[in-house]
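Engineer: Sequence:
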Amino acid sequence: VVVNQESLSFFTDAKLQARIMLQRPITDCTGSTLEIGDVDIPALGEITFFPREITTTEMEEKMDLGHTSGSIAAGKLAFEPEMTEFDAIGAQQATAFAQAKGERSLAATNMAVEATINRLVTESTQVSQDD
4 VVVNQESLSF
14 FTDAKLQARI
24 MLQRPITDCT
34 GSTLEIGDVD
44 IPALGEITFF
54 PREITTTEME
64 EKMDLGHTSG
74 SIAAGKLAFE
84 PEMTEFDAIG
94 AQQATAFAQA
104 KGERSLAATN
114 MAVEATINRL
124 VTESTQVSQD
134 D
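Residue numbers (our numbering): 4 to 134.
Please note that a few of the clues may not be correct.
For lysine-lysine, the following DSSO-like pairs were computed, each having C-alpha atoms within a straight-line distance of at most 30 angstroms [as the list claims (entries may be wrong)]:
no. : residue 1 : residue 2
1   : LYS65     : LYS18
2   : LYS65     : LYS79
3   : LYS18     : LYS79
Here are the in silico distance ranges between beta carbons for each label pair [claimed, not checked]:
no. : residue 1 : residue 2 : range
4   : GLU63     : SER108    : 33 to 43 angstroms
5   : ASP16     : THR125    : 53 to 63 angstroms
6   : GLY78     : ASP16     : 18 to 28 angstroms
7   : ARG27     : GLN95     : 49 to 59 angstroms
Keep in mind that the hints were calculated from the coordinates and are not lab data.
Glycine included, every Cβ here is placed at the ideal spot set by N, Cα and C.
The whole structure should be built from the sequences, with the hints applied where relevant.
Structural biologist: As structure tokens, this is what we get:
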């Protein structure tokens, strides 16, 4: 979400989704609270506040690198959420499923090779018997 004095712009993956023109300039931004979202909107993973309008290039840098190039140059480290037990179990399951998929693929390839060899042996045996 990018807000300036004239509009409110919504971006997804640094691509503009919608722009709403404001009916009046924003002048009532006081206090230390920023409220974003609603009860029927899924939880946001991370919010970074920039006290200025950022460019789509900076949005892409944030997506690809975790921060803008300027922030990285200033020494800011990329955000890495703490891994929970639930995350660890999910990662183990994903690894196990990927390994099982690889094993099934290898078994299917081996069966296809074995079937081809059997067919060739059978055909060659029939040709030699016919002679």
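Engineer: Would you mind marking each hint as holding or not holding in the structure?
Structural biologist: Outcome of the hint check:
Of the supplied pair hints, the one linking LYS65 and LYS18 holds, its CA atoms being roughly 13 angstroms apart against a limit of 30 angstroms. Only pairs whose Cα atoms come within 30 angstroms are accepted, and LYS65 paired with LYS79 is accepted, the gap being roughly 12 angstroms. Taking the CA atoms of LYS18 and LYS79, the gap is about 25 angstroms. The hint holds against a cut of 30 angstroms. Remark: the range hint 33 to 43 angstroms for GLU63 to SER108 is upheld by a beta-carbon distance near 35 angstroms.
Remark: the range hint 53 to 63 angstroms for ASP16 to THR125 is upheld by a beta-carbon distance near 56 angstroms. Range check, GLY78 to ASP16: Cβ separation about 26 angstroms, and the 18 to 28 angstroms hint holds. Checking the proposed 49 to 59 angstroms range against ARG27 and GLN95 shows it holds: the Cβ atoms sit about 53 angstroms from each other.
In this structure, every one of the numbered hints holds.
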